[in-house]
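> Going line by line, the protein sequences match chains L and G.
Residue 13 in numbering that gives the first Met the number 0 sits at position 14 of the first sequence, with consecutive numbering throughout.
Residue 369 in numbering that gives the first Met the number 0 sits at position 370 of the second sequence, with consecutive numbering throughout.
Misleading hints may appear alongside valid ones.
Pairs count within a copy or across copies, as identical chains cannot be separated in the list.
[Said to hold, decoys possible] No farther apart than 27 Å at their CA atoms in a straight line, the calculated lysine-lysine pairs in the DSSO-like style are these:
no.: 1; residue 1: Lys27; residue 2: Lys62
no.: 2; residue 1: Lys130; residue 2: Lys282
no.: 3; residue 1: Lys32; residue 2: Lys62
no.: 4; residue 1: Lys202; residue 2: Lys282
no.: 5; residue 1: Lys202; residue 2: Lys345
no.: 6; residue 1: Lys389; residue 2: Lys345
no.: 7; residue 1: Lys423; residue 2: Lys62
no.: 8; residue 1: Lys145; residue 2: Lys2
no.: 9; residue 1: Lys282; residue 2: Lys362
no.: 10; residue 1: Lys29; residue 2: Lys410
no.: 11; residue 1: Lys16; residue 2: Lys62
Hints are computed from structural coordinates only; laboratory data are not their basis.
2 protein chains.
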Amino acid sequence: MSKAYASMSREELLSLKDELDKEFQGYKEKGLKLDMSRGKPSIAQLNLSMGMMDVFHSESDLKCEDGTDCRNYGVLDGIPEAKRLLASIAEVNPDNIMIFGNSSLNVMYDTVARAYMFGLLGHTPWCKLDKVKFLCPAPGYDRHFKITETFGFEMITIPMHEDGPDMDMVEEYVNNDPEVKGIWCVPKYSNPQGYSYSDEVVKRFAALTPAAEDFRIFWDNAYSVHHLYEDRRDEILEILEECAKAGHPDMVFKFTSTSKISFPGSGVAAIATSDANMADIRKYMVVQTIGHDKLNQLRHVRFFRDRYGVEAQMRRHADILRPKFEMVEQTLEDELGGLEIGTWTKPLGGYFISFDALEGCAKAIVAKAKEAGVVMTGAGATFPYGIDPKDSNIRIAPSYPTVEELAVAAKLFALCVKLVSVEKILESK
Amino acid sequence: MSKAYASMSREELLSLKDELDKEFQGYKEKGLKLDMSRGKPSIAQLNLSMGMMDVFHSESDLKCEDGTDCRNYGVLDGIPEAKRLLASIAEVNPDNIMIFGNSSLNVMYDTVARAYMFGLLGHTPWCKLDKVKFLCPAPGYDRHFKITETFGFEMITIPMHEDGPDMDMVEEYVNNDPEVKGIWCVPKYSNPQGYSYSDEVVKRFAALTPAAEDFRIFWDNAYSVHHLYEDRRDEILEILEECAKAGHPDMVFKFTSTSKISFPGSGVAAIATSDANMADIRKYMVVQTIGHDKLNQLRHVRFFRDRYGVEAQMRRHADILRPKFEMVEQTLEDELGGLEIGTWTKPLGGYFISFDALEGCAKAIVAKAKEAGVVMTGAGATFPYGIDPKDSNIRIAPSYPTVEELAVAAKLFALCVKLVSVEKILESK
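Between the sequences and the hints, there should be enough to build the whole structure, so can you do that?
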């Protein structure tokens with residue numbers, strides 16, 4: 000068992016620092032160039048979907064099942080078979096799904112934009128209000144927070160627990176403050192912690208009695224089928240159904256996409272929501288576009304066929320991703336176990352590991368890693384406005400590098416954690 | 000030479016009406032089901048691009064020329080070769096183009112939305128203004144008008160002449176009224192008249208001195224390469240260059256897409272504009288999306304290669320479209336020539352023929368045609384708010400039906416024009 004840094008003497012720490020500095024120098028000389036910053040699938044994962052390039056050829060019949068020629072204009076919110084496929088991924092009724100373009104982020108932005116410009120279900124457009132507040136469970140997804148920051152909403156940080164956001168706080172805000180119009184959620188294998196909301200948390204969400212009638216839960220189900228293990232999986236309650244049961248059918252927008260199933264940037268995104276919300280969206284969508292890329296929708300259906308096809312594909316993704324997560328987790332354990340200078344999550348799915356360093360160390364660790372050629376997500380990015388009040392959280396994205404590269408990157412990362420932590424502890428000795 | 004209806008006696012007209020009624024009855028009994036309502040390419044045209052389905056297969060190298068793997072995340076505003084291809088279609092510098100998704104309409108809507116939500120180049124967001132006015136040359140494109148109607152802008156009709164919008168009126172509004180923030184233009188083979196702006200009109204656009212610094216020309220170059228004839232083509236001055244020369248580089252957003260070159264709904268759309276406007280757009284685009292479908296961009300480049308490939312394809316489109324336009328024009332001439340109950344345009348490109356009936360007859364003609372199974376664009380659609388003050392203009396879209404179907408549909412249309420005109424003239428006798 001390693002000795003906790005905090006219990007070391009100043010002399011021990013100084014000598015340790017010397018050692019670590021030397022080791023770091025060695026890494027620097029390697030001239031590494033590795034990226035653990037974004038949740039990008041690896042080349043091996045992209046190769047899994049190359050069969051999709053063969054499903055169409057110049058003699059293909061490109062009509063969808065209702066006879067629509069997918070090569071021409073038309074079909075506002077998706078061909079029927081694409082709705083079924085995405086509904087099966089989102090675990091909702093195909094009647095309650097609308098298919099969009101290649102990016103669920105774009106769908107979320109547009110959903111906020113519609114509320115801002117035109118209002119939801121006849122309510123005042125958010126752009127006409129003095130103030131709009133959004134709840135942001137953090138650490139969370141930086142691109143969510145960037146949307147609400149750009150719209151000028153006041154973002155309120157909600158602490159994340161292992162079973163989901165702090166629901167006492169969520170209820171307090173949502174049920175009492177009419178300026179609170181929304182909350183960002185990644186309910187399954189959350190970004191970056193990999194936490195999944197407990198049944199109780201989902202039910203408490205569904206049971207919210209918002210002070211604002213146009214309050215909406217932005218439920219980004221990005222990792223619904225993105226398990227790492229066959230035998231240990233998180234499953235969560237279906238939020239549309241729970242909201243309907245609780246008498247709040249219109250309270251949620253659920254987002255999903257095939258970005259990390261087929262090709263990021265060339266997948267299919269969707270929104271699942273109530274009939275009333277869908278009618279509301281369609282009113283503006285019909286002005287915005289004639290329709291999204293139906294050929295790509297059909298391509299996805301012909302390749303994956305159905306939920307079973309998707310699951311088979313996700314097992315192949317998992318086989319590639321699992322060793323990477325395990326490599327990082329094992330390295331952190333080997334290098335940092337017992338030192339009491341950091342904790343990290345061990346998710347069963349999703350794309351990230353969340354690392355919490357000693358307070359005040361995250362920025363320095365990320366800078367240090369960069370100095371030796373390993374790019375991490377910017378420290379603070381997982382909090383609203385990019386400011387982590389404790390400067391502690393670091394998102395690790397192990398998906399893109401190879402296992403061999405990760406072995407090096409994870410060790411270097413641990414070294415940076417040690418170095419910065421030693422310096423931090425020395426300051427107070 | 001046929002006799003003008005207006006010069007006929009009441010008796011002649013009544014007997015003519017009997018004849019026409021009988022003829023119409025005959026058509027009704029045929030149970031036609033034809034659609035001349037939208038500018039949809041025909042199946043034969045769609046077949047022209049089926050080779051695009053063969054350019055990728057499961058062993059393809061899907062890196063673009065700068066080494067980016069087009070299957071993964073990244074590249075906000077388009078891969079370099081797609082920028083070059085779309086720039087060649089838009090006749091602009093590839094440095095001044097941004098590639099978007101599948102729909103130029105969506106790009107236009109988003110461009111208006113950004114101005115509405117965030118303002119242009121630091122100016123007040125349009126949603127914070129009491130009033131925003133938009134100039135709408137009419138007859139024009141219904142989907143343009145629908146966007147500005149949805150945003151609640153006051154739309155001001157500008158008469159269209161053969162060489163473009165009434166520039167005296169445009170100058171009067173733009174140069175004096177700071178509430179006028181934009182104008183919709185289809186400068187080449189305009190929708191629905193097929194008119195192209197003269198050099199003088201383009202220069203007068205570029206020379207505008209708007210009262211509103213955030214006034215923008217929305218230049219929808221939808222039909223830039225959509226000629227019907229080899230030897231008779233409209234060409235227009237390049238607006239970005241003209242605006243720059245006139246000292247107003249930021250005054251224009253130019254839109255283009257491959258929708259009617261490859262596949263509508265599965266093409267690639269783009270915006271061309273000044274460096275400053277591009278930087279402004281990027282600020283928000285980076286929040287809205289990680290990037291658009293690069294595989295589809297690459298697919299288009301591999302299929303068309305360059306401007307020459309596009310032009311060859313457009314000649315094949317023209318070979319299919321030309322006989323259809325000529326069939327309609329000939330039928331109208333044969334059936335209506337000399338009757339003085341309608342005039343129509345004879346465009347050299349684009350997707351539409353514009354028909355002007357006697358005042359107060361358009362709605363009735365469209366209704367009559369529908370009664371016999373031929374769907375036209377709704378009368379009034381070519382004007383702001385869907386209201387044609389003279390109830391005279393009808394848009395004819397000859398692209399989708401076969402030549403054989405068109406022969407029938409055009410004859411029926413002419414018959415409906417005659418019938419409604421006779422009734423109209425009888426009213427005043």
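> Now, for every hint given, state plainly whether the structure supports it.
Going down the list of hints, with the structure as the test:
1. Lys27 to Lys62: neither (56 Å within a copy, 30 Å between copies)
2. Lys130 to Lys282: This pair counts as both: shortest intra-copy Cα distance 25 Å, inter-copy 22 Å.
3. Lys32 to Lys62: Intra 46 Å, inter 20 Å, cutoff 27 Å: inter-copy only.
4. Lys202 to Lys282: neither (31 Å within a copy, 38 Å between copies)
5. Lys202 to Lys345: Within one copy only: 25 Å inside a chain, 64 Å across chains, cut-off 27 Å.
6. Lys389 to Lys345: The answer is within: 21 Å in one copy meets 27 Å, while 70 Å across copies does not.
7. Lys423 to Lys62: Result: close neither inside a copy nor across copies, 64 Å intra and 44 Å inter.
8. Lys145 to Lys2: The answer is neither: 40 Å in one copy and 69 Å across copies each exceed 27 Å.
9. Lys282 to Lys362: Answer is between: at 25 Å across copies they meet the 27 Å cutoff, but 45 Å inside does not.
10. Lys29 to Lys410: within (13 Å within a copy, 79 Å between copies)
11. Lys16 to Lys62: Result: close neither inside a copy nor across copies, 66 Å intra and 44 Å inter.
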